[in-house]
Amino acid sequence: DQQVKQNSPSLSVQEGRISILNCDYTNSMFDYFLWYKKYPAEGPTFLISISSIKDKNEDGRFTVFLNKSAKHLSLHIVPSQPGDSAVYFCAASALGGSNYKLTFGKGTLLTVNP
Amino acid sequence: GEEVAQTPKHLVRGEGQKAKLYCAPIKGHSYVFWYQQVLKNEFKFLISFQNENVFDETGMPKERFSAKCLPNSPCSLEIQATKLEDSAVYFCASSRDRGQPQHFGDGTRLSIL
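Protein chains in written order, with my numbering: chain A, 168 to 281; chain B, 333 to 445.
Just chain A, same shape as in the assembly (with noise of 0.2 Å):
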């Protein structure tokens, strides 16, 4: 049973344009969302979180939106450069059931093409 998905295996955009990235989960324990970027053979690098009580939460070029109610959270990069081509991996907590392991989608490969 998979709690966390991301369902875009891959996403294609041209430099410069947004890229959006999309994570929906199953378990309303869930209280704590992350982004990671992971190149090859390299280790998952944090980006950006959210708490439940927030709905978005921003860092420079990089915006993560929730919506409790549809269970559904989504990374907007913008603008969108090269550098920023890597897997991308959605993963939750349930920090009020002191529960501080990480739950991870099956992530997405953002190609940011020239």
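If you are wondering where the hints come from, they were derived from the structure by calculation, not from laboratory data. A few of these clues could be false.
To be verified - Simulated pairs of lysine to aspartate or glutamate, EDC-like, Cα-Cα distance not exceeding 20 Å:
#, chain 1, residue 1, chain 2, residue 2
1, B, K376, B, E389
2, B, K376, B, D418
3, A, K273, B, E374
4, A, K205, A, D226
5, B, K341, B, E417
6, A, K223, A, E182
7, B, K352, B, E395
8, B, K376, A, D222
9, A, K273, B, D438
10, B, K376, B, E334
11, B, K376, A, D168
12, B, K376, B, E410
13, B, K352, B, D429
14, B, K372, A, D198
15, A, K273, A, E209
16, B, K372, B, E335
17, A, K205, B, E410
18, A, K172, B, E374
19, A, K205, B, E334
20, B, K372, A, D226
21, B, K376, A, D226
22, A, K205, B, E389
23, B, K352, B, E417
24, B, K415, B, E334
25, B, K341, A, E209
26, B, K350, B, D388
27, B, K350, B, D429
28, B, K352, B, E410
29, B, K376, B, D438
30, A, K238, A, E182
31, A, K235, A, D251
32, A, K238, A, E209
33, A, K205, B, E417
What you are looking at is a predicted structure, and each value in this text was computed from that prediction instead of being measured.
Place chain B on chain A using the hints.
Quick look at chain B alone, frame taken from chain A:
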């Protein structure tokens, strides 16, 4: 240090041998987590520590897997009597506190032959 340091980068063992992986968390971080990436994009949680105490071991196959985080030493994950199915990349992560992001090392690729 400022990064999670995992050693070795690659470890090769014959089936039935022991494997031991190490992780130095970021200085000042209280929580350490181990994850197993078997298929390319699937992460499985194994165990977490709060300082040197086991916090959550619900993901550990207890028969052959063990882990420790002792004071003033790197954390370790040990697999006894390895099986082919243990071949995976093992990631360690640390966080400053609950509710803080987990920061990952670059992983140890374990190959069981």
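Problem - Given pair status - D429/B, K350/B, alpha carbons within 20 Å - result: violated, 32 Å
Practice task
Would you check the hint for K350/B and D388/B, treating anything up to 20 Å between C-alpha atoms as holding?
Solution key: violated, 23 Å
Practice task
Mind checking the alpha carbons of K205/A and E389/B for me, to see if they're no more than 20 Å apart?
Solution key: Judged against 20 Å, a Cα distance of about 26 Å means the pair is violated.
Handout entry: Holds or violated: K376/B to D226/A, with C-alpha atoms at most 20 Å apart
Key = violated, 28 Å
Practice task
Compare the distance between the alpha carbons of K376/B and D168/A with 20 Å, and conclude whether the hinted pair is satisfied.
Solution key: holds, 13 Å
Problem - Agreement of K273/A and E209/A with the hint, judged by alpha carbon distance not exceeding 20 Å - result: holds, 16 Å
Problem - Hint consistency between K273/A and D438/B [alpha-carbon to alpha-carbon, up to 20 Å] - result: holds, 18 Å
Handout entry: K273/A paired with E374/B [C-alpha distance capped at 20 Å]
Key = Roughly 6 Å separates the two Cα atoms, so the pair holds.
Exercise for the section: Would you check the hint for K376/B and E334/B, treating anything up to 20 Å between C-alpha atoms as holding? Expected result: violated, 25 Å
Exercise for the section: Quickly compare the C-alpha distance for K341/B and E209/A to 20 Å and report which way the hint goes. Expected result: holds, 10 Å
Exercise for the section: Given the hint that K372/B pairs with D198/A, test it: the Cα-Cα distance must not exceed 20 Å. Expected result: violated, 26 Å
Problem - Pair hint outcome, K415/B versus E334/B [Cα-Cα no greater than 20 Å] - result: violated, 34 Å
The structure is inconsistent with the numbered hints 6, 8, 10, 13, 14, 16, 17, 20, 21, 22, 24, 26, 27, 30, 31, 32, 33, although it conforms to all the rest.
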